[in-house]
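Protein sequences appear in the order of chains A and B.
Counting from 1, one number per residue, gives the positions in the first sequence under the numbering used here.
Counting from 1001, one number per residue, gives the positions in the second sequence under the numbering used here.
Just so you know, these hints were derived from the structure itself, not from any lab.
Please note that the accuracy of each hint is not assured.
The following label-pair restraints were derived from C-beta to C-beta distances [stated by the list, open to error]:
hint	chain 1	residue 1	chain 2	residue 2	range
1	A	192	B	1076	51 to 59 Å
2	B	1076	A	160	53 to 61 Å
3	A	137	B	1176	52 to 60 Å
Covered stretches of chain B, going by a simulated chain A footprint (3 or more residues, C-beta under 8 Å) [as the list claims (entries may be wrong)]:
hint	region
4	1040-1047
5	1055-1064
6	1096-1102
7	1174-1181
8	1276-1285
Beta carbons are placed, not taken as given, at the ideal position from N, Cα and C, and that holds for glycine.
Here's the letter readout for the chains.
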Amino acid sequence: MKALLAQTRSELMLSLRNGEQLLVNIAIPLLLLVFFSAVKVLPIPAGVDKRVDFLAPGIIALAVMSNAMVALAIGTGFERHYKVLKRLGATPLGRGRWVLAKIGMVKILLIVQIALIVVAALALGWNPGGTPLLAIPAVVLGAFAFGGIGLLMAGTLRGTVTLALANGLYLLLLLLGGMIIPFSEMPGFFGTIGKVLPSGALSQVLQSCLRSGADPAGSAWVVLGVWAVLAPLAAVKFFRWE
Amino acid sequence: MVSSASQPAIEVSDLTVRYGDRVAVNGLSFRAMPGQITALLGPNGAGKTSTVETLEGYRRPTAGSVRVLGLDPVAEHRQLVARIGVMLQSGGVATGMRPAEALHLSASYYDNPIDPDELLDLVGLADHRSSTWRSMSGGEQQRLSLALALVGRPDVAFLDEPTAGIDPSGRQLIRRIIAELRDRGVAVLLTTHDLEEAEKLADHVVIIDHGVVLADGTPTELMRASQGDDVRFGAPSGLDVSSLGERIGAVVTEASPGEYVVASAATPLMVAAITAWLAEMDLPLADLRAGRQRLEDVFLRLTADADAKAPEPTPSRRRRSRR
């Protein structure tokens, strides 16, 4: 227990000390939320009162992806590159506690990120609707889906390739995932792809939990659940420690 | 704590490690005892890394077996890692970590660790509290890596090139710490290219190449066993060896640049003749060894013999890609 707590604290401290991680985890989501709530350039779905009512759930989905996929993949990829994981393999920490510490770090960062986004969104006049409590399991499933993808990249690719791919995937999943651009504005083909992506599934689910009048998200829950199971399984199967 | 001193801490029996068709380790056997520094010497690609990584449980033997403290490094990995310390040749620490943080974190993995602050002092990093791994010099990183390997009070320490790229004072410090480990009964397995280091530090030397043991014994034994009927001396390279040979009446060869071998017994007369010729030519004499060779001579001769015997080109000569 002592080792797990110390490892979690260390992981958290390293990610808070890392400027790029703070940028992707906190600054970019908040910037997008404030900017696109204030500047009327992005379309919003028909029947939505305020821009922030649509943007807040999407930005929470983005924060989950930034943290569990991008920051986790890049951080872990470089730890593998610099043989941190190799050295840990010869200590009593063990892989189980290492994974638990990573999960703990992502969880605590998620709480901080979401708290900041909720405060900012409320200040911008957000009026959450739907069944907000359901957003909690949605965020957890999303974190497992994105965390699985992040560790799969970090555990199979070189550090620099992971860096490039995580950033590329971030942009693609952001644009196609209905997080800031509604599916209703995309050509049917893009929308179809977007809805089977983990980002699309999570943003649809969060819209349904946090915005009254949003489409019900039955199939999106299924898609999200499948990603949340398959991605971590693939990471466990293919991860190479050195 | 350390098991009975007569039991080997490391036992490698007929170890073979194969990567696909390539044989990295080919029926290797040796032992390392508690309270001794064992140096595993060999050129690049000799099979050192594969052997050590098998002992640390990173890979399984293709054939043969290894035991560390009587444990199977893969099957009994959990028991083993509590009792070993591993110093990697490079890396191993997150780049944003500070020395004290890294040591306190590693200390938390063990039941009875050394006080991290004491250890930081011991490796001379107590005043590096605010620098991160990324901003530390190579020597500082090496000293921290050594401290990380020792924080759990290991019974066996695996040290990979512990003084590579370190300034002389840092090297002295690391050698002193390693010698103290031995005195406390730890079995130290040192992998190194640095023959001088092995000669100075090791109680037991295992020279390997092409995945097999070429020599195994104390440095003194190895140097005595290979004692030849010759005189060796160091002088500026490119001397006219035939002129010297005629003068002293023995065959002289330049074994490596600046390193000469005279094929003759080391009689006082012979030594006097060599030095007289050098004096006439006004040439400095770097050193002169009559009969007794340095470990480097033994090493170079053994590995050159092994190369001559090995079928060329041998796949195992290629440096193995590590990832």
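Hint check results:
For residue 192(A) paired with residue 1076(B), a C-beta distance near 52 Å keeps the hint of 51 to 59 Å intact. Taking 53 to 61 Å as the suggested C-beta distance range, the pair residue 1076(B) and residue 160(A) does not conform, at roughly 36 Å. Range check, residue 137(A) to residue 1176(B): Cβ separation about 58 Å, and the 52 to 60 Å hint holds. Counting residues of the region 1040-1047 of chain B whose C-beta sits closer than 8 Å to any C-beta of chain A gives 0, which falls short of three, so the coverage hint is violated.
Residue count for the region 1055-1064 of chain B with a Cβ under 8 Å from a Cβ of chain A: 3. That meets the three needed, and the coverage hint holds. Requiring three or more residues with a Cβ within less than 8 Å of a Cβ of chain A, the coverage given for the region 1096-1102 of chain B holds, as 3 such residues are present. Counting residues of the region 1174-1181 of chain B whose C-beta sits closer than 8 Å to any C-beta of chain A gives 0, which falls short of three, so the coverage hint is violated. Evaluation of the coverage hint for the region 1276-1285 of chain B: breached, as 0 residues show C-beta separations to chain A shorter than 8 Å, against a requirement of three.
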